[in-house]
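2 protein chains.
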Amino acid sequence: MYKVKVYITLRESVLDPQGTAVKSSLHSMSYDTVSDVRIGKYMELTIEKNNQDIDALVKEMCERLLANTVIEDYSYEIEEVVSL
Amino acid sequence: MYKVKVYITLRESVLDPQGTAVKSSLHSMSYDTVSDVRIGKYMELTIEKNNQDIDALVKEMCERLLANTVIEDYSYEIEEVVSL
Numbered sequence: 001m002y003k004v005k006v007y008i009t010l011r012e013s014v015l016d017p018q019g020t021a022v023k024s025s026l027h028s029m030s031y032d033t034v035s036d037v038r039i040g041k042y043m044e045l046t047i048e049k050n051n052q053d054i055d056a057l058v059k060e061m062c063e064r065l066l067a068n069t070v071i072e073d074y075s076y077e078i079e080e081v082v083s084l
Numbered sequence: 001m002y003k004v005k006v007y008i009t010l011r012e013s014v015l016d017p018q019g020t021a022v023k024s025s026l027h028s029m030s031y032d033t034v035s036d037v038r039i040g041k042y043m044e045l046t047i048e049k050n051n052q053d054i055d056a057l058v059k060e061m062c063e064r065l066l067a068n069t070v071i072e073d074y075s076y077e078i079e080e081v082v083s084l
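Protein chains in written order, with UniProt numbering: chain A, 1 to 84; chain B, 1 to 84.
Given that identical chains are not distinguished, each listed pair holds provided it fits within a single copy or across any two copies.
Derived EDC-like pairs: lysine to aspartate or glutamate, alpha-carbon spacing no greater than 20 Å straight-line:
1) 5 - 16
2) 5 - 36
3) 3 - 63
4) 59 - 79
5) 59 - 32
6) 5 - 77
7) 5 - 72
8) 3 - 16
9) 41 - 72
10) 23 - 48
11) 23 - 79
12) 41 - 77
13) 41 - 73
14) 23 - 60
15) 5 - 32
16) 23 - 55
17) 23 - 44
18) 49 - 36
19) 5 - 44
20) 41 - 12
Because the hints were derived from the structure by calculation, they are not lab data.
Work out the full structure: start from the sequences and follow the hints.
See the structure below:
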């Protein structure tokens, strides 16, 4: 079994209104040292092991569904979990 | 300067309709080995260095604004970036 962590973030060139809103909220709560906030998605997938290449599988899922590759970047970490 | 990565996830006991929806979409695209999907938020904060304890500062921001601690868990990683 695999535990996969997927991180999806807006590309640098894309405006992040959500991040801007959180930053101004933090400033209004006097956290003035916060100079930038970028907000994205974090996904935890549990995938059963079979003969497929797990890396290619996760990359394909990101490209086809999990990330909008026009405006988003993605990265992922794969951890194999050995069930006792 | 600090680069802080914040991961916010729904507690295990909380239903994750978004994750369920993504899982069924993946299944309809024949990714049947995916047995669970949990979706959360991923934030990247840039924080200027001053005399405050950065760990306490980030924890406080998570508790007060970034995470809804009634239904969400949070974790974070702090990396100091030395500007040349």
